[in-house]
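> Listed here are the chains, written in short residue letters.
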Amino acid sequence: MPRDELDVMSEIKRNYILQKIKKDGIRADGRKLDEMRKVVIQTNFIPRASGSAVVTLGRTKVVCGIKIEAGEPFPDTPNQGVLTTNVELLPMAFPTFEAGPPSEDSIEIARVVDRGIRESKMIDLQKLVVEPAKQVWIVFIDIDVIDYDGNLIDACTIAAVSALATAVVPASTIGQKDFPLPITCRPASVTMVKIENIVVVDPDLEEEQIASARLTVTMAEDGHLKAMQKGEPGFFTLEEIQKAIKTSSDVGSQIRNNYPK
Amino acid sequence: MPRDELDVMSEIKRNYILQKIKKDGIRADGRKLDEMRKVVIQTNFIPRASGSAVVTLGRTKVVCGIKIEAGEPFPDTPNQGVLTTNVELLPMAFPTFEAGPPSEDSIEIARVVDRGIRESKMIDLQKLVVEPAKQVWIVFIDIDVIDYDGNLIDACTIAAVSALATAVVPASTIGQKDFPLPITCRPASVTMVKIENIVVVDPDLEEEQIASARLTVTMAEDGHLKAMQKGEPGFFTLEEIQKAIKTSSDVGSQIRNNYPK
Amino acid sequence: MPRDELDVMSEIKRNYILQKIKKDGIRADGRKLDEMRKVVIQTNFIPRASGSAVVTLGRTKVVCGIKIEAGEPFPDTPNQGVLTTNVELLPMAFPTFEAGPPSEDSIEIARVVDRGIRESKMIDLQKLVVEPAKQVWIVFIDIDVIDYDGNLIDACTIAAVSALATAVVPASTIGQKDFPLPITCRPASVTMVKIENIVVVDPDLEEEQIASARLTVTMAEDGHLKAMQKGEPGFFTLEEIQKAIKTSSDVGSQIRNNYPK
Amino acid sequence: MGTASDKKLFDENGLRLDGRSPGDLRPIRIETDVLNRADGSAFIEWGGNKIQVAVYGPREAYPRHMQDINQAFVRARYNMAAFSVDERKRPGPDRRSMEISKVISEALQAAVMVELFPRAQIDVFIEVLQADAGTRIAGLTASAVALAAAGVPMRDLVVGCTAGKVDGKVVLDLSKEEDNFGQADLPVAVMPKSGKVVLMQMDGDLSIDEFNEATSMIFKATERINQIQRDALKKNYASTAQDWGE
Amino acid sequence: MGTASDKKLFDENGLRLDGRSPGDLRPIRIETDVLNRADGSAFIEWGGNKIQVAVYGPREAYPRHMQDINQAFVRARYNMAAFSVDERKRPGPDRRSMEISKVISEALQAAVMVELFPRAQIDVFIEVLQADAGTRIAGLTASAVALAAAGVPMRDLVVGCTAGKVDGKVVLDLSKEEDNFGQADLPVAVMPKSGKVVLMQMDGDLSIDEFNEATSMIFKATERINQIQRDALKKNYASTAQDWGE
Amino acid sequence: MGTASDKKLFDENGLRLDGRSPGDLRPIRIETDVLNRADGSAFIEWGGNKIQVAVYGPREAYPRHMQDINQAFVRARYNMAAFSVDERKRPGPDRRSMEISKVISEALQAAVMVELFPRAQIDVFIEVLQADAGTRIAGLTASAVALAAAGVPMRDLVVGCTAGKVDGKVVLDLSKEEDNFGQADLPVAVMPKSGKVVLMQMDGDLSIDEFNEATSMIFKATERINQIQRDALKKNYASTAQDWGE
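Protein sequences appear in the order of chains A, B, C, D, E and F. The first sequence begins at 1 in the working numbering and counts up one residue at a time. The second sequence begins at 262 in the working numbering and counts up one residue at a time. The third sequence begins at 523 in the working numbering and counts up one residue at a time. The fourth sequence begins at 784 in the working numbering and counts up one residue at a time. The fifth sequence begins at 1030 in the working numbering and counts up one residue at a time. The sixth sequence begins at 1276 in the working numbering and counts up one residue at a time.
Treat the hints with caution; some may be incorrect.
Claimed, not checked - Quick look at which bits of chain F chain B covers, simulated, 3 or more residues with Cβ under 8 Å:
#, stretch
1, 1283-1297
2, 1308-1320
3, 1324-1332
4, 1397-1404
Unchecked claim - Calculated from the model, a selection of chain D residues having no Cβ within reach of chain A, i.e. all distances over 12 Å:
#, residue
5, 794
6, 820
7, 839
8, 853
9, 866
10, 873
Just so you know, these hints were derived from the structure itself, not from any lab. For every residue, glycine included, the Cβ atom is placed at its ideal position computed from N, Cα and C.
Starting from the given sequences, assemble the full structure and let the hints guide the process.
In structure tokens, the structure reads:
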């Protein structure tokens, strides 16, 4: 993830954040270590899309639009719809984000979001077949990041799940009846970073900048792990990971309460 | 459009051009304000193409080749042929032109040329259908800019219209009889630039370099507007635009006289 | 081909190589002027591929894998299989090789290797037709260069010919019986460079760096020329070329003795 | 312009499919400072268009060889979200968006006091989240507001509007259907104080009389739209003042 | 994770299709210094995986603006040869290989003493010649050996292994078929001396108990694999010594 | 080389389809200084080939790291216009044109006195407007003229010609049909004063005797073509002189 604009955060600020976490167990913005920032979800923001959501997570803001179109299945999965996820780190979101082909960062985010949705089997892809091997529904998840203040993986997962949960398959375009996208569960990803030896949930940008390592844990209602991703060039101990899984289970339930019904 | 090579034109030259226009109403090369440079059109230069033209406009030189090939129509226009226009600003044409994907400049030129031809309905696309929704004629207009001395939009329009006017649809390739490309009119674009508060027609490179704004007006024989494009970071008043439209109508007729019958 | 890393080879080394060749007719590594380095060929290194070979030529090392897949023929050759050759100059092979689209060098190598195989008609493409104009076998020759110490053209030709000679067409994937790739001959390319006015066979990297010109001659068992390529910005006299052809015929026979039966 | 069609675009009362008279605008709403990271931002809803704009700069132009020692340059980047149009759009610039980026850049360059910032660039990012005809004009109108909200000194705002021809009649502010089936489209942008035209494109078929009618409609409309721009900026300043007062 | 299927992945004795018990590794063989040009290299065979790794550096980071004045950065590039998989792969990076390159780079960055080489980069090129499930972990394991063989100072080696779930049972080191038809995949890499986890990814479905069982299997296996790494490096040093003795 | 076919490529008198004897060239015409902007230019018609060449330089090499402190480098770019071949060609370089650019660059590098211009590059742009077999040789022949017209100091011109094998017979200067259905193609370029070979490529099937016959034909032909080059340059100088006299 990007360093701050001048590629240095003032030593003073860095120390302030650090000391507050270490001494008081409280973060610079007053949050507890395992506390998410405020989540606001607005669905159906893009009525022309098959589903959509604008999500703000603190000062991070992303827009997700779902397009569902008829097309060909993959040859090795003739009896399944197709799911594809793309994240655009728009240059409007941060001074150093650049236009152009997806960066490593945007690819990692998209793939972690995709894995959470795919592996939890949130979308019942078997119900998205029009004619086996010939025509299925292709679900395009596209996410525009328009304001960046940390923790894009969770913001994007929330936006994608919310948009999918309210999406409609436009079957009328092929002479059938529109129907809600078949949904089986609502995965929630919880991302934590490690600052010195303390793990905090839902880092903002300044916390990301001083963190050594990142861990994302995605679970569904069944309390099972669906996807994990460790990132950044630091490490976790196995105990830290086990504790993070526990935290993720709790925080994930809170996130799930915010999802549109 | 490119500045001169060193990105500065000598102050003296700049003033000379300016003063001559302002005081004498005459341009550096002796032309009147609304006078085109000499146009020379040579058609059938590329016999292997379906149509072709080499055009010199003063010292600007472009080569247009038309290829007409059988192919699929666009899904939303099953009863029409397809038209596509591409302009290559070849590095041989100017010291700072670079090889590679089309620049903003080359895309703008191609799109303005395309709009003049498309919106005037010069080509009767309805007559280019072999089998509706299955097979139509695709008209590729490709223009190589090989020598650049200003006003590429008009040079390219003249080349494209001339090449199209002499083009033949190679229907024998699909077992039918070749026939002339069906043409309904001959659009002419007229490009003007504003130097201080004076508008001149058909700028050469030096005039482009000191101009603040550019306006292209494309009309056909019916005296109607078919396409317009304002360019460069200056402005026109509405009165200037209205006068430019009048000029364009007159100069366009002269251009039309040069077109191959 | 790349200069040495600092783009300068020490004057002393350069002179040493030169003097040894000129005075003693012996090369820095003790070889005679027309002597190849040691060739080691290991086939079936990649059992998952249709054919494969690892080749070391002195300290140059390349890996060739053949993939044979059913696909469509080219429209103008409906009764032939398809052959395609690609060479990757992997960044692991040399400090200045870069990841990315193929460089001019890698394209030249691939095309010279391809021409030797194609023009000698080593593969009987007519026997690779499943259904004329519909389905044929496509032979992909992919070569990874993993260690670079000169003369990639010959190392790649040896690897490609060896891999092809042991390749099997996986016809069982379309319900037929697998069969050995039909082979008619075994072309050998011999590459020589000119150092001052002396021509040496199979240059190593240091010799390439001081050579002025390069010549590759590819022949098959019939003693006919199948492909030639002069490279680098020096020249050969016609007499030098004629002599090089003779050398190539002799050295090519030795290479052919190394090929897998 | 549009595809030939039998589609009727006016009802028996001479009203358009969405109930507007020929000279009516669609509803327009502009909000400023909706993003935290950018130096300035604006969000515009114009009919069904939803467009987010962000401004960064003036900042040092990069790469270096792009720097102009006499002035800043404005680099607008118009982009359509993959989900903004009926059929999913593959991400990345296409020829249309590159042309639009160019004409918007040039229009803004005319209005910004670029001479104050030698060697600098001012980035204007325009993201079309939902497209509904007239996106370039709506994006440009919002860009001017975002620049002002970013505190970039300007000679004047820039405000745009389109007119077009539908069933042979000149109308203001084409809807998506009118754009698809109409006979002409004329997007224009002006600096409202002086009436100077900084963007003009046209395609289709217009007689000179029709052109004059269309531009006259547009000029009138730009006054109304400019008022919306100024109100949006005022609301922002107001709320900023309020924040400070707390 | 995998495609649903009726495929049985255990035999009546509870053994896997290739005869392994749930906790067994596939055969692993590592060889060092197999390339001449690179500063260090390693070749690994792990089951059917054949992966060549080469290290260049530390060398001055390029382009300049990538230089970090405090430390070197490790840039791994994971690439699959066109012939490495069943269907020919078009050359060049795809999204999967870009993600793998990123997580491997980060894992190695944790182990290398990057603070010793400000402004430098260390390139690790990983070429998968034949792929057979678990390539990222095999490539990373070989990369650590190649770095050591290149003389790059490291806090510790890095050693990886995967576990997964097959027919509802947790097993070590998934084979290709188990990967295709299994229910979970958990690649992990650690610094073996400290047990610090430097790479972890997971997809599929694992209960927390299953996760704990899987990580415990992996931790045990990494000890064995680390021994193979160290033997390979010793053999290299031995033979180097021998060469010198001659 | 070509596709197998029953097509007869000689008539009963042993003449080729276009009436030429085996050793005949197609008509060649070269004109210089046909462009205003370039430092030098030449246009060549060779049979149905129509090729425009322009030269820029010597000028400072860019990007910097390409500069050679000892000499200039010649960078030829061979490009085919979209309309130059039977089926419309998508713009931009392909593998064939990249290889041709490389061998032409190397051939010209041999002839230009590059040692006079350290750190410089000399650009040679070759645009094939209509292709009719032998474009690389025709483009190279015209490039040498354009370089001379640009005043670039050269050891000698470069002149090229091809020979090939058709129906088992060696012939000079293959036509398009002979190229498509022939058995060998041998493009060669020499510096005519010394006979030094600066470009040679070959594909197909040639016995050594056939190769010798082919090169002997080519060497004879290059003398004639070189005369056309020199006449073109003289005409240019002549007409320049005339212009000055007016």
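> Any hints this thing doesn't respect? Which numbers, in order?
Of the numbered hints given earlier, those the structure breaks are 1, 6, 7, 9 and 10, listed in rising order.
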